[in-house]
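**Q** For reference, the chains in residue letters:
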Amino acid sequence: MKGYCRSIIPFSSVDGPGNRTAVFLQGCNFHCSYCHNPETQPLAGSGEALAGVMERDHQELVAEILKYRDFTRGVTVSGGECTVQLPFLLALCEELKSREINVFVDTNGHLAPDDFQRLARHVDAFMLDVKSMEEDEHFRLTGQSNRLVLQNLSYAIANKKLYEIRTVVVPDLLRNSDTVALASRLISVDPSIRYKLIKFRPRGVQELLPTMLTPSEEYMAELCALASSCGVKVCVMV
Amino acid sequence: MNKTLSIVRDPILTYQQKVIALARSAENSLEVLKMSDEVQELRQSGVICDLGEGNAPYRPRYIVPDYALFMQQGSEYLELLPPENLEDALHNLLILYKHVPSITTFPVYLGNLDTLLNPFVQDDEESYRAIKRFLLHIDRTLTDSFCHANLGPKETIAGRQILRAQRELQTAVPNLTLKYDDSTSQEMALDAVKTALLTAKPSFANNVMFRHDFHGDYAIASCYNGLPIGGGSYTLVRLNLSRLASQTADYEVFRNTLLPSAVRHTLSYMDERVRFLVEESSFLASNFLVKEGLLERDKFTAMFGVVGLAECVNTLLGNPLHQGDRFGHSEQASELGVAIITEVARLVAAHNNTHLQASGGRYLLHAQVGIDTDIASSPGCRIPIGEEPELFEHIMYGAPFHKFFPSGIGDVFSFDATVKNNPAFVLDILQGAFKNGLRYFSAYSADSDVVRITGYLVKRSDMEALARGKQVRNGAVVLGKGAAENQGVLERKIWAREN
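These protein sequences, in sequence, are chains A and B. The opening residue of the first sequence carries number 135 in my numbering; numbering runs sequentially from there. The opening residue of the second sequence carries number 1221 in my numbering; numbering runs sequentially from there.
Next comes chain B alone, as it looks inside the complex:
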């Protein structure tokens, strides 16, 4: 059937999902990006993948508006004055969100909500109810799991109210991150863990590490992407190390020939995407977010993704059957993994693209979490589900990779429901993980309806409804369902179960 007609006739897509799918289909009927035969081949074979970014980029993939500036100045385009009270603040934000584009058509970053709202809230039920309605509004209208709000690092009344509302609402949207460091109060941190064990959010960002890498403030957007505020990422293209390694069993060939060539071609494809977006699409010249200073050219970068390190390493080691010899367990596999990522980082850092002004012309590395159709390639540098070692070993095995990935890497841990009686247990582990170089930490309870798929949240009940052929509001549910079927994301090892 004609692709467009099949979208129109689809009984499971909601109206909004059809509009988005039709727009994608129209965009993909174009062929405006110049690419070499080698890039074409690598895309065909799945070594290079642009994650459905479309054939004619007309907006940056991840847009991170400077919401603090918006609160100060309002918006001429939206005819909004700066807020004078909580009602103004919440409405202004909700209005702006509907005008912030991204790859998903929904905003992937909603601001550091507690610091934005705290000047307007009181420690009372009226403020709390307003914040709860605001969050409900977000879930019901920004129907996409990649909408991501930030909190912290310091405790605020607004922050506590947001956490309380999330515990009560238990929605998949927005995704939520608490920027965590020594200035975060233990009460706030424990409240956040309690919330995560009920509704799989917030996740925790290692604030010291991110601030160091971004020379100051930053945002966590979409899944767990560290990005500069007031800009974002033009594109994200990933290199599938697992697919690449399937072309050879010889490490020397992989390291000296295949890898440099694949990185070079990925970079050339990314350069072309950035060129088209910056130079040919009218976004930066015409969008009001740029005109009003909420976005600035010099605050944009772009993300070079890698996926499937575990399978890549196992392939290069001859696919050992004994678990102790595989990635996640063996020291040799760890060293090989670190050597590969070090080399990718070196090759990527040697490349310059003058459009990437926020990062000195360099692409930032990103441990990509996979897509719903991936088979036999684990997210980023993660240990495959089903092969997890004990929790301490798991964290220590993953930690050496985190420093390479300023624009995002993280691990997800599922805990037995009994841990809800002792949230400090999770907080202690998270503090230890950050002390040992982990950048980003997510936890949820095994009995939670909201679950973290890879980096985004989906409700189990929504996945079940979709499986029964029902329409579901959230466009990411279909991705979660695919990831559950193809990557077993609901089968993660459950920690503290022996107790």
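Next up, chain A with everything else stripped away, as it sits in the complex:
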């Protein structure tokens, strides 16, 4: 099956535990105002944004991934938003699992629960974005409701399929502490789930004012402490 691929990083240190081959698929169904990679949003069409996109066969992609196998502890499929190409993603994950390769999927969780659960059968763990726990705020930020995200989040927690959740911290735009507190309580039932708090950085961002500030170390540390106080065992700041 063919899919649209933005890039492959053979050795990635930031897409899950250890060394992982990271595959970035093209296309996204969110339009976050702080997006650093807006060129990954359109799935098809033409223009500059699609200049680097490769059409790849899932088996051919797996053959490339297998080259790196001795050096990695798995694969992380990311995006864009990789679930936008669900049939391709399913085929890719199924093929990887048939080769006994550990598979993580990095997703915004915005897909029908049935589809998410079907995908989960071929995935070892998800890395899931919790951009905002509050529906209106989520809508203003991404253009979509967070209803599906939260349903899928609950499923992933209950089924031990969640490696980490991530929130981008933008002090001038979001009520970050509300999201951190609520999300932390949700994941606290499983101490192995990490919370990664990502500092907003204005570089490469198109929509937000460049004057919007990156959060201070102190503020990030406060949020991390908040996560801990809500039961999170591992909180990482980047």
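It cannot be assumed that every hint is accurate.
Capping the alpha-carbon separation at 30 Å, the derived lysine-lysine pairs in DSBU-like fashion look like this [said to hold, decoys possible]:
1. K333/A - K1623/B
2. K201/A - K1655/B
3. K201/A - K1352/B
4. K330/A - K1623/B
5. K1690/B - K330/A
6. K1352/B - K333/A
7. K330/A - K1713/B
8. K201/A - K1318/B
9. K1414/B - K1352/B
10. K1623/B - K294/A
11. K1640/B - K333/A
12. K294/A - K1414/B
13. K1640/B - K367/A
Listed next, the stretches of chain B that the computed footprint assigns to chain A, with coverage defined by at least 3 CB atoms under 8 Å from CB atoms of chain A [said to hold, decoys possible]:
14. 1290-1302
15. 1648-1657
Just so you know, these hints were derived from the structure itself, not from any lab. The beta carbon of each residue, even a glycine, is placed where N, CA and C say it ideally should be.
Since the structure of chain A is already known, use the hints to place chain B on it.
**A** Okay, now just chain B, sitting in the frame of chain A:
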């Protein structure tokens, strides 16, 4: 100015460095080694280089005492009884180190420290503090980066304490290697990677590969030299393949005429150095290390070094401008490189020297890491700095060379500081590298003060101090500074930076 007087007047050399330089100067006033005109010419042109080993060898270049035996029996010469507790053990070792000679005048091998010390340590702060002081003592008195201690392969309390102390001390000395195999616990391995990302050590030796080549135990000494324990290497002389290739652009001439001749002359020069050392210098007849069995004649070998393969191959390919056609990228260059090293290995293995008892009369191949003054010759079989391919390709390109070099070859990788958050990333890469035939792997973080120059460690802050005209304790700092200036060793590609 007279050489001796210039050493005496030098304001930057420390007292100890002056004494060593004066001894070298005196040794080099002699001309006792017999060599042919061809050897003289090849030395003059830099094709053969004895790496400052001196004109009258009076001690083996690399001495690898059997410290385990020393722990069992103490020393009559040093009037030391076997240790009964940690304090005894640490002091005995520190005393012995001051009596172990080598090319640098400091010991190039300090023992498999964790297995030596583990019988005496407790898992407590008292043991830890004693070990930390011991390591500090080593750094402050054995002021030379080629002092090398080993750890592993199994996890021990002492091993964990040594790693912790290195993270806290962040010293350049001792150099450190973890012998790594499946018996090394993941906790110990991750602890070692964490330590390497803070202070550029330990490096990792492929224990399975080394044990196979040495038929059992071995030591990693000096930079990354695999050597038999209880002996060592009489000499190390290197053949500069880059210099040799500069004499022709024709591969057939290189392979059929120049290379066999240069190898033959290098071997004859090495034979003469070994002969003088074994037969004329009194070392083996008189030194207490030999008399007490810590060194034995039948555990000595010697090392045939090669350097500058990358530039050699590029020259023979007509110095292609396009990077894809050069060593480090092109398949043709790789095949040519392997063919050259295979031929060197064949020629060296065909030569016999009965003094090299530990290796059946054969010299062991060593991928020499270069010297501070080298220009346009990369270490051993390494890809030149500035031309590195992606990390996976880099490792796979280098791996086929490693099996040829039991007495040392390795690659050094600089990682972005963010990798400290994920030390398993480096461990996974190292495991993959070993699965694919890499012999020795070094990693450090780009923001570390202690950096791996080629095979040895130096502090950036010491190099900066030396550049400002200050005296620095560690005699290897001047070598690191030269290598930084001439070979760009601080400009290595930084991996995982895109993240």
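**Q** Does K333/A lie within 30 Å of K1640/B when you go C-alpha to C-alpha?
**A** 18 Å, holds
**Q** When you check the alpha-carbon spacing of K1623/B and K294/A, does it fall within 30 Å?
**A** Status violated; Cα separation ~44 Å.
**Q** Taken at face value, is the distance from the CA of K1623/B to the CA of K330/A at most 30 Å?
**A** 43 Å, violated
**Q** Tell me whether the statement that chain A covers the segment 1290-1302 of chain B is true, taking a Cβ distance below 8 Å and needing three residues at minimum.
**A** Result for this restraint: violated, n = 0.
**Q** CA of K201/A to CA of K1352/B, is that 30 Å or under?
**A** 43 Å, violated
**Q** Would the pair K201/A and K1318/B pass a check requiring their Cα atoms to be no farther apart than 30 Å?
**A** Between K201/A and K1318/B the Cα gap is close to 49 Å, so the pair fails against 30 Å, i.e. violated.
**Q** Between the alpha carbons of K201/A and K1655/B, is the straight-line distance 30 Å or under?
**A** 13 Å, holds
**Q** Given the hinted pair K294/A and K1414/B, is their Cα-Cα distance within 30 Å?
**A** This hinted pair holds, its Cα atoms lying about 29 Å apart.
**Q** Are there three or more residues in the segment 1648-1657 of chain B whose C-beta lies within less than 8 Å of some C-beta in chain A?
**A** holds (count 7)
**Q** Take a quick look at whether K1690/B and K330/A sit within 30 Å of each other, Cα to Cα.
**A** 46 Å, violated
**Q** Does the alpha-carbon distance linking K1414/B and K1352/B stay inside the 30 Å limit?
**A** 18 Å, holds
**Q** Given the proposed pairing of K330/A with K1713/B, does the C-alpha separation stay at or below 30 Å?
**A** Given that 30 Å is the threshold and the Cα spacing comes to 28 Å, the pair holds.
This entry does not satisfy hints 1, 3, 4, 5, 6, 8, 10, 14, going by the numbered hints stated previously.
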